[in-house]
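Trainee: Okay, here's what each chain looks like letter by letter:
Protein chains: 4
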Amino acid sequence: MVKAGILGATGYAGEQLVWILHKHPEIKVEFYASHNYANLQLTDIYNNYYGFIEDKCIDMEKAESRLTGIDVLFIALPHGKAFEITQKALGLGVKVIDLGADFRLNSPVVYKEWYEIQHGCPELLGEAVYGLTELKRNEIKECRLLANPGCYPTASMLAVAPLLKNNLIELNSIIIDAKSGVSGAGRSANISSLFTECNESIKAYGVGVHRHTPEIEQELSSIAGEKIVISFTPHLVPMNRGILSTCYGNLTREFTTDKLLEVYREFYGGDYFIKVIDGLPETRWVRGSNLCHVGLRVDKRTNRVVVISAIDNLIKGAAGQAVQNMNLMFGLEETEGLEFISMAP
Amino acid sequence: MVKAGILGATGYAGEQLVWILHKHPEIKVEFYASHNYANLQLTDIYNNYYGFIEDKCIDMEKAESRLTGIDVLFIALPHGKAFEITQKALGLGVKVIDLGADFRLNSPVVYKEWYEIQHGCPELLGEAVYGLTELKRNEIKECRLLANPGCYPTASMLAVAPLLKNNLIELNSIIIDAKSGVSGAGRSANISSLFTECNESIKAYGVGVHRHTPEIEQELSSIAGEKIVISFTPHLVPMNRGILSTCYGNLTREFTTDKLLEVYREFYGGDYFIKVIDGLPETRWVRGSNLCHVGLRVDKRTNRVVVISAIDNLIKGAAGQAVQNMNLMFGLEETEGLEFISMAP
Amino acid sequence: MVKAGILGATGYAGEQLVWILHKHPEIKVEFYASHNYANLQLTDIYNNYYGFIEDKCIDMEKAESRLTGIDVLFIALPHGKAFEITQKALGLGVKVIDLGADFRLNSPVVYKEWYEIQHGCPELLGEAVYGLTELKRNEIKECRLLANPGCYPTASMLAVAPLLKNNLIELNSIIIDAKSGVSGAGRSANISSLFTECNESIKAYGVGVHRHTPEIEQELSSIAGEKIVISFTPHLVPMNRGILSTCYGNLTREFTTDKLLEVYREFYGGDYFIKVIDGLPETRWVRGSNLCHVGLRVDKRTNRVVVISAIDNLIKGAAGQAVQNMNLMFGLEETEGLEFISMAP
Amino acid sequence: MVKAGILGATGYAGEQLVWILHKHPEIKVEFYASHNYANLQLTDIYNNYYGFIEDKCIDMEKAESRLTGIDVLFIALPHGKAFEITQKALGLGVKVIDLGADFRLNSPVVYKEWYEIQHGCPELLGEAVYGLTELKRNEIKECRLLANPGCYPTASMLAVAPLLKNNLIELNSIIIDAKSGVSGAGRSANISSLFTECNESIKAYGVGVHRHTPEIEQELSSIAGEKIVISFTPHLVPMNRGILSTCYGNLTREFTTDKLLEVYREFYGGDYFIKVIDGLPETRWVRGSNLCHVGLRVDKRTNRVVVISAIDNLIKGAAGQAVQNMNLMFGLEETEGLEFISMAP
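Top line first, the protein sequences correspond to chains X, G, S and E. When you line the first sequence up against my numbering, it's residues 1 to 345, in that order. When you line the second sequence up against my numbering, it's residues 1 to 345, in that order. When you line the third sequence up against my numbering, it's residues 1 to 345, in that order. When you line the fourth sequence up against my numbering, it's residues 1 to 345, in that order.
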């Protein structure tokens, strides 16, 4: 039984972790820590656990004092909040999985550029593994500090990676137009996230400056073996969950849709969670699962390919992938505790 | 391993059965039958099963020919469609669980009055058990023909039953104001169920004439030991899933909210799926689960009690309760395959 | 040209006032005051006015200094905030229309009981007119201090008033089950109003203790000539706008639906904004208008009547009715500036 | 007073026409024709008109017989249905505004390629004017047959046109990623448009093959003076109304966002309905208006520009632009009857 602690258990990604780990047969959660809801029962905030989880949330200090009793620490906090606790946890032999952004970028300079604060422990960046599971299994199995990818990067890179691995598109032609449900904005009391402000509307935001851009570029560049710059435009959609990533690239040679689907099927052949489909992905079919649906169309008229991927932003885009990575880090079956299918409708 | 067949596997209730049974450790589904989608793969209609269920839907005739290979037949068809197949199945020793309305009413006269067609096998009404599980466990365990309750009746009766059992309200003071998500209208191509017609609106419908009225009255009368007439008003709410039932009654003696909560907790003490909560139910906390949350308030000013219940209309209100009943009918643990918690948000 | 000032112009009710008055041919808005957005352009918060309204919001102090330049002051502030400014405005000969709750209750004792603060100018309660326009035209025309009704009370009383006026129901049998869109919760940064917390769910709240209860009881009692106590249960529905009020009462004598519709049509015969319909109201048909749709059904089985009304909570339930009242207070045509029809879909 | 007839008055675009023309001071609608609802009152289908419009819908044949009494015929029918009636109307001296696709493409060959039917009156294609009002005012004023643009093309071309007119982007670098509300799918009883199928999900559809592609290419090519091929990907978003079009292009020279905004402001300087905003468009700010909001960002890192436009698909994307064009065709003020602002929230 792996013993786990969760920091930030009452945010949406943290709560999703609670949900997954509650059913995971090989995990025992030792504590739920929350900044805003310390000393309240978890079920006071999330009534779905009524009758199932009796625990109270503890505060961050108390969590620190309980690091010695756990094997793995999940951190689901805003960026900049993971530096200290990560150092402490690692020092005590506790593996760390950070669902935030603090260990995703290799370079503290790039970190500062995009996050506008100094990195608190740049010496750890070298060993942190960027945990896009399907692309990094070997490194993940060995690591003690895992940087769980952002939701947009997960969807986008799973869509684009096979093209780059096979040199099928012009490197600087990549445009990613991504759409997210509102849970991606987190559980903070912001007017812009109010029901009445989001419902019946769609908007783009952070055009050209969204913080998920550098991690996409870093990882895609690493795949391509060459520095890549992309256009990335996130949008907010009036739904709770889901990311749809529509990715465009100029093909370097002629392809049919069918041929390219074969390339994708070969690439993801052994991956339980990635489904290359003939049709076009819809977020509803993966909502509530750790799956990623990928579909594509070659447009002969423009010689472009459009690859579309769909994930649940809180699962494959956050808590689910974190558990998938944890499974690997602790020698468990990769799919353990994650074999649930999307519930329709 | 119990072998099951599903008629109407591609409607919303039927599909929910597929989802539940797919994960149920003691069940094997032998066939999925669909009127509209025969010969198509289930995953063509419900892409969430891509990679998990390979079966094709079969047509109704073929389903009939395969009754000999199953132990239980789930029927999720419109009313009036279950008569013949039920007779055949029972004749072959197959137990039947009808999610539709054909065996819910004891009287063929009342059936005709509300459903406007002649009942096709009134001789079976005597043995059919109305499967509101928490109130009928003993009969359910023994029966071979189970009439699964409607979604509104399930929510409403779970809210009101403890009052009647304990003679706490004036019998003819019961008013049930219920609100349902749009999946309750089924997966039929009706203009009134279009996104653009339902979104951003709420309405009442079937005021005083909704077909769930007689089954609520029949069962509540049976509890009270006296004929009860109720006011029942359903509403359509712009959400996929969920029923909230707000029930009013005049108390026969003084009570506090706390005292009445105790009565409810005693009544439902042993029931895994019924959670009597201090607060007020919200459908989101039970969505995607077989749970029913019940809350209440005594209003001293009016000497009325307001009891509110929340269920997922497709699970506790349909497929989940059907499986709960099947578990009892086959000597399995009542909660088997149904222990999932609502996923938030 | 009537000169108006708006306090609280950036809340939802205030903004709706801006929208209506912008098109009103007889009104000129002299200032928009906002607590949270002083010195910002109105269009910074509400981009729909881009290119149409250039004004900056002013702060409350500045607003006070500009009372001398206006004929009427609209106050759209939280309860307890209208006392002082109302006194000042009246003192300067400015008529006041308060969209909040501060002048709705006749009794400072009842005010304190429900709002939990001391009333700041009880001496004004005697002259304040409760502005449910269709029921109080004569008083409204003469008044200088108008208490604009709450959204729930508007919908509910328009549904119930004809029954009481004609002595058709048992006085203490009235149960009002009301459903509101999320804009009713206001534009405050509360977690409970986040998109992700409200979407795909319905809940009741404030059962038995909602602050709109006493004003409904006060006004209905006044109509009936006798003290009435009601059950009032508000619900939150995942939509931006709209209130549906489902009202139950025990009939004192036999009626058919058609006969009762006649009673209603007679009662509201001359009222432009009240439409008694044969069918059942849906909020979408009145959304974005100052209309109230009323429909009803007599249920012979229970001898109850169910009356259902639908309004737009921000228009007939707030800003629209405020302007309707203003029209009367300034001798304008009652419908001036309010003749817009709901836009479907 | 211009006398108008509407064919297809009960579809969403047709109904929006009804709504606009009802308030238009210079128009009188002589008849509302509907295929599916002939002989029903308009208000039976659209209850918002209760008390305002008493007319019954007439059938198509009757409409034909009444062409002699009108000045302009609005056609809001599926493609392929406008050929005959247009010929008849023009023959009688009635001007025609077709909101469908039958006269948008100059070439009958291209029409057949994308719409898969033979064009019924290719001889009219030469004189039909493609009515993107802001780009074609002079031709529109003179024409008797107007092809009203599609919703996606309207949003997309208003975003891209200034770049092409000023030779600022590489012609074949244009990628348009567009998102539409569900009313864009029309008021047909399709399962894929059901609330429960659309809510809580987003999907792309018609990738590379959507029928709005050729009209975008035709008109952009005409602006550029050179054949342009674009990538166009439409998406379905769970909201009733609105289109957001996110357009990408490679700049031919260096620009700042501010400089490019100036170019846009100059381009649209005199256009009442086009608002070039500093921020990023959101569909909610134009919903219910004939406005188009345009915003943009230059991304120095990629040397790409991202231009985003937002419209209401049923107004500027259909009925509103049709009326705007009609105003020009009949010498009225362009903005007549269209000066309403979006209602928030």
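Derived from the structure by calculation, the hints contain no laboratory data. Backbone N, C-alpha and C fix where the C-beta goes; we use that ideal spot for every residue, glycine too. Hints are not guaranteed to be accurate.
When the alpha-carbon atoms are kept at most 20 Å apart in a straight line, the in silico SDA-like pairs for lysine to any residue are as follows [what the hints assert, rightly or not]:
1. 3(E) to 336(E)
2. 23(X) to 24(G)
3. 300(X) to 339(E)
4. 23(S) to 272(E)
5. 300(X) to 209(E)
6. 300(X) to 227(E)
7. 56(E) to 277(S)
8. 28(S) to 114(E)
9. 300(E) to 172(X)
10. 112(X) to 301(E)
11. 23(S) to 114(E)
12. 23(E) to 336(S)
13. 56(S) to 209(E)
14. 300(X) to 114(E)
15. 56(E) to 335(S)
16. 300(G) to 115(S)
17. 300(E) to 115(X)
18. 56(S) to 335(E)
19. 3(S) to 330(S)
20. 23(S) to 113(G)
21. 300(G) to 171(S)
22. 23(S) to 210(E)
23. 23(G) to 340(X)
24. 23(E) to 171(S)
25. 259(X) to 228(E)
26. 300(S) to 170(G)
27. 300(S) to 171(G)
28. 23(E) to 330(S)
29. 23(S) to 334(E)
30. 23(S) to 124(E)
31. 300(E) to 259(X)
32. 300(X) to 336(E)
33. 300(S) to 24(G)
34. 28(S) to 339(E)
35. 23(S) to 208(E)
36. 88(S) to 113(G)
Here's a subset of chain X near chain G, in silico, CB distances under 8 Å, partners left out [unchecked claim]:
37. 48
38. 50
39. 78
40. 83
Trainee: The structure should be examined with respect to each hint, and the outcome stated for every one.
Mentor: A quick look at each hint next to the structure:
1. 3(E) to 336(E): holds, 15 Å
2. 23(X) to 24(G): Holds: residue 23(X) and residue 24(G) sit about 15 Å apart, inside 20 Å.
3. 300(X) to 339(E): violated, 43 Å
4. 23(S) to 272(E): holds, 17 Å
5. 300(X) to 209(E): Holds: residue 300(X) and residue 209(E) sit about 11 Å apart, inside 20 Å.
6. 300(X) to 227(E): holds, 16 Å
7. 56(E) to 277(S): Answer holds: residue 56(E) to residue 277(S) is near 17 Å, not above 20 Å.
8. 28(S) to 114(E): Outside the cut-off at roughly 53 Å; violated.
9. 300(E) to 172(X): holds, 13 Å
10. 112(X) to 301(E): holds, 17 Å
11. 23(S) to 114(E): Outside the cut-off at roughly 44 Å; violated.
12. 23(E) to 336(S): holds, 14 Å
13. 56(S) to 209(E): violated, 47 Å
14. 300(X) to 114(E): Holds: residue 300(X) and residue 114(E) sit about 15 Å apart, inside 20 Å.
15. 56(E) to 335(S): violated, 26 Å
16. 300(G) to 115(S): Satisfied, since the Cα-Cα distance of roughly 19 Å is no more than 20 Å.
17. 300(E) to 115(X): holds, 19 Å
18. 56(S) to 335(E): Distance ~26 Å between residue 56(S) and residue 335(E) Cα, so the pair is violated.
19. 3(S) to 330(S): holds, 11 Å
20. 23(S) to 113(G): Not OK: residue 23(S) and residue 113(G) at ~54 Å, beyond 20 Å, violated.
21. 300(G) to 171(S): holds, 17 Å
22. 23(S) to 210(E): Violated, at about 39 Å.
23. 23(G) to 340(X): holds, 8 Å
24. 23(E) to 171(S): violated, 43 Å
25. 259(X) to 228(E): violated, 27 Å
26. 300(S) to 170(G): Cα-Cα ~19 Å, so holds.
27. 300(S) to 171(G): Holds. Residue 300(S) to residue 171(G) sits at ~17 Å (cutoff 20 Å).
28. 23(E) to 330(S): violated, 26 Å
29. 23(S) to 334(E): holds, 19 Å
30. 23(S) to 124(E): violated, 42 Å
31. 300(E) to 259(X): violated, 35 Å
32. 300(X) to 336(E): Measuring from Cα to Cα gives roughly 44 Å; hence the hint is violated.
33. 300(S) to 24(G): With Cα atoms ~46 Å apart, residue 300(S) and residue 24(G) exceed 20 Å; violated.
34. 28(S) to 339(E): holds, 18 Å
35. 23(S) to 208(E): Status violated; Cα separation ~43 Å.
36. 88(S) to 113(G): Violated, at roughly 66 Å.
37. 48: Cβ of residue 48(X) sits 4 Å from chain G, so the hint holds.
38. 50: For residue 50(X), the interface hint holds, since the closest Cβ of chain G sits about 5 Å away, which is under 8 Å.
39. 78: Result: violated, 18 Å to nearest chain G Cβ.
40. 83: Constraint on residue 83(X) not satisfied, violated at 28 Å.
Violated hints for the displayed structure, listed by number in ascending order: 3, 8, 11, 13, 15, 18, 20, 22, 24, 25, 28, 30, 31, 32, 33, 35, 36, 39, 40.
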